[in-house]
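Asker: Residue numbers (my numbering), protein chains in the order written: chain X, 106 to 549; chain V, 527 to 1038.
One thing to keep in mind: the hints can contain errors.
Below, a list of computed lysine-lysine pairs in the DSSO-like style, where the Cα atoms sit at most 27 angstroms apart [unchecked claim]:
1) K616/V / K429/X
2) K165/X / K715/V
3) K695/V / K506/X
4) K314/X / K506/X
5) K888/V / K286/X
6) K317/X / K834/V
7) K616/V / K329/X
8) K695/V / K473/X
9) K210/X / K414/X
10) K372/X / K329/X
11) K117/X / K265/X
12) K272/X / K388/X
13) K329/X / K468/X
14) K165/X / K616/V
15) K834/V / K314/X
16) K367/X / K404/X
17) K240/X / K834/V
18) K286/X / K210/X
19) K265/X / K616/V
20) K424/X / K467/X
21) K272/X / K286/X
22) K841/V / K165/X
23) K473/X / K804/V
24) K286/X / K616/V
Calculated from the structure, these hints are not laboratory results.
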Amino acid sequence: MDYKILAEQLVKKCMQKGTDEAEVYIDTGRNLSIEVRNGEIETVQEASAHGVGFRVFVEKRMSFSSCNDFSDSAIEKAISSAVEMAKKTTSDENNGLPDDKRITKIEGLYDPQIQQVPMEKKISLAKRVEELAMKDSRITKSAGAGYSETEREVFLANSKDLSKSYKESACSFGVSVVAEKGEQKSSGWEFCSRRYFADLKPAEEVALKAAKEAYSMLDSRMVKTQEASVIFDPDVARAILGGILAAVNGERVLQGASFLAKKMNQKIGSELITIIDDGTHTKGLGSKPFDGEGVPTQKRVIIEKGVLKGFMYNTIVAKHAGVKSTGNASRGGYTSLPGIGAHNFYMDKGTYSQEEIIKATKKGLFLKGITGYGINPVNGNFSGGASGFWVENGKIMFPVKGLTIAGNAFEMFNNIDMVGNDLDLNRSFTAPSFRIKTILIGGE
Amino acid sequence: MKIKGYFVEDIPRRKFLQISLKGGIAIAATPSLLSQFLSCKAQGPVSAKLKLDTNILNKTIRKALEKGGEFAEVYVENRISRRIIMEESKFKSAVFGISQGAGVRVISGDKTGYAYTDEITENKLLRAAEVASYVARSTKPVEPVDVKEAKRESFITVKIPLQDVADEKRLDVIRRANQAALDYDSRIKMAFISYYDEIRSRTIANSEGILLIDELPLLFFIVQTLGVGKNTSHLSRERLSRHSGFEMFDEVSPEEVAQRAAREAITMLDAEDCPAGKMDVVMQNGWGGVLVHEAVGHPLEADNIVKKIGVFTGKLGKKVASDVFTMVDDGSMPNRRGTTNFDDEGTQMRRNILIKEGVLQKYMTDILSAKQLNMERTGNGRRESFRYIPIPRMTNTFIEKGKDNPEDILTSTKRGIYVQSLSGGSVNPVTGMFNFTCREAYLIENGRKKNPVKGATLIGSCIDIISNIDAVGTDLDFGPGICGKGQEAEVSAGQPTVRIRGINVGGSRARR
């Protein structure tokens, strides 16, 4: 099936049904996942699939339908349902589709080799990472290891003569283990995801990190409730980034449902904070040549040296705000309308190594695990469960768990006084290590 | 899995940055990249029940067991869904979805092979069967029993079928809720309303000879309201969901849902910083049951017990909780969100007492874990869609009602936190460490509810919590939710008012 031609034909079909504008988004691909435990295969799952989403506009009213059945009757039903629903929604002069025909050129989104790698090699990678993680005598059980891969091709066409496509791939492997000591149990896991199979980290590195995470948390303690420093490991970066991302969503900003809504061009935190969204990074897991509705992606500064510089928009919300789309239309596959989201969203690196940050800390928490929702994007309140290591006089003393940390986003941003140089852009949502000088840590 | 991450989500959100494999690991990748396979859920198929030729089903099952294995299954699903969104008092969008597909599963010893197709044709089914049979190579095959249609008791009644409801009625429900929210208080600046319904039809056929066909309606109505005060804002939430017809809105009006949401938003504008440290917690009846759903329910799902890593491994028949604590999972409660007539493997739904007066009675199993543990099938084998293999999941999970007067529980608590509602939380099923974020909570001073406090975190270990429950009220109630464990499941959680002594509460100020 030539999906490109199909997408263009389906746009015409929508227009024949009386829509003023129409967009067709076809998503097609295959995936494979393998899980092993105790050296044996536990599950193998394989499938290929495709689906199509129709976004239509009738008199500036918008609606959407999707189906994964490409028979004429199913397509017919999906289109007519969308047209029917478009009579019910509210007309909005901002509704409409983009017409930017450019594409951002990005290298390394698709690895043709993934398919060529024999199944046995993929299985043995999963087995090996498990075996290596189990080597340490403190590790007593495996919770499983796995490998998975996805290849996908997206075709997008609309009634403004836009017709684009791209192909992408990703593969991942990882392991989850348990360390036990008497009645104590502690779990650790690690994975590695890349666009190219050949770029995956050595199994040793992934295994070691999973094992260490499990055994190093044995004999953890509590500390007293107190104000102290908190050093965020890159693994817990999302605790702070997630709330920022949700708060720079242009639609939430317009609605007043963002704690950053009125802060444009204002200083909202320490000069050490620079946050970037980059849809163009070579081999980036969040990179793509165009966004979820066909607008070319770009690299944008969101926060520059503590000053809020950019919100994120898709086409409709941008028009509402009187600006241009920033290429941040996100799409959760063919079943969803474009929302607003990031590509590779990260805090830029600073100058210190993680060791230097720990060494410079008199008393505090080296945060390795955090639970909860992170920063509340509506009011900036933050509260979460915390675990990691207690630091005194620049030295790691003992593991701690069952703690909490809480505060307000602005206090936290202003309080960031050291940023590390350990940024890993192989992740799509990431930060280097950083330190918040003081925050309330809840304990005994 | 990712051992870190069983969670109940606050609102339906796109899965973010991670996909999870059953029981194993979390893999991060770009959200959109994997979403096609791993997060398509909001669509649904056509209301006509699929009538597949039983010959094709038998043939597929035979093909699946050709290379070996002792169990094979064909799962065919069709889902038609509608979602209508109102924001800023506008019908922003309407989303209609048709999704169908079939999955073939083979179990051989501890191994599972799975493949799915979105084209339901004989050729594609046979191809899926062949792929799924990969894991069973060179084992001794079991002779499948030809399928025969079976009957199961029904726990879902429908008065006004969703198929018969005009779109205008759906819009009206949304308009009414929006108006009621805005009318509640001038500080309510906006309501975000999401109306969702679906009809999911399932055909399950397996090598034990079972053939089951049914159709499930589902309604999910969410009202969030944005309250804006002088220096702060609060986004509140109230949800209503059942497996039922449109009569749900006659029993609970959209206005009532909206007013509850608006009340929370306004109340929380006055919230002050929450103190940090160990405190007694009184939890109001209803959705607060999600705490035991996470903290106790997930660790009682049998997949981690099979791996011998779960916190309740080897504790069957032992005392694990206080005497006043009885916990139940019951997928047969009429029309509840967690209810189905049979699970996604065809096992009849029923009431399972998990912990009785503090003593552990049973784990929740699917076909595979029941076989591995040599235990009974409890009706907990569930799947998000044909794209997933079934795994042990909860249904309607709750703390059984006790003997205490709910008011007495509060008045006899000198100091602490009164939790009126929780957002959601997560648990590590290995260590039993859980965390929860409060939506609406108050300080308790001298047995009385005082000022509301900002989004506090509750954190602790599940064993400690259930040992420290010392009062259980008579006022059992439920709330609807979405449970994530690599795949999503609709659940409800419930509890009467309970008191837990000494939970670690995360606040932003030291205790006065």
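Asker: None of the hints should be skipped; say for each whether it holds.
Answerer: Here's how the hints hold up against the structure:
1. K616/V / K429/X: With Cα atoms ~23 angstroms apart, K616/V and K429/X stay inside 27 angstroms; holds.
2. K165/X / K715/V: holds (25 angstroms)
3. K695/V / K506/X: violated (51 angstroms)
4. K314/X / K506/X: Satisfied, since the Cα-Cα distance of roughly 19 angstroms is no more than 27 angstroms.
5. K888/V / K286/X: holds (26 angstroms)
6. K317/X / K834/V: Within the cut-off at roughly 20 angstroms; holds.
7. K616/V / K329/X: violated (50 angstroms)
8. K695/V / K473/X: violated (50 angstroms)
9. K210/X / K414/X: With a Cα-Cα distance of about 25 angstroms, the restraint between K210/X and K414/X holds, given a limit of 27 angstroms.
10. K372/X / K329/X: Since the Cα atoms of K372/X and K329/X sit roughly 34 angstroms apart, the hinted pair is violated (cutoff 27 angstroms).
11. K117/X / K265/X: Holds: K117/X and K265/X sit about 11 angstroms apart, inside 27 angstroms.
12. K272/X / K388/X: holds (12 angstroms)
13. K329/X / K468/X: holds (12 angstroms)
14. K165/X / K616/V: holds (13 angstroms)
15. K834/V / K314/X: holds (22 angstroms)
16. K367/X / K404/X: holds (23 angstroms)
17. K240/X / K834/V: holds (19 angstroms)
18. K286/X / K210/X: The hint is violated at about 52 angstroms.
19. K265/X / K616/V: holds (26 angstroms)
20. K424/X / K467/X: violated (50 angstroms)
21. K272/X / K286/X: violated (48 angstroms)
22. K841/V / K165/X: With Cα atoms ~61 angstroms apart, K841/V and K165/X exceed 27 angstroms; violated.
23. K473/X / K804/V: Within the cut-off at roughly 22 angstroms; holds.
24. K286/X / K616/V: violated (58 angstroms)
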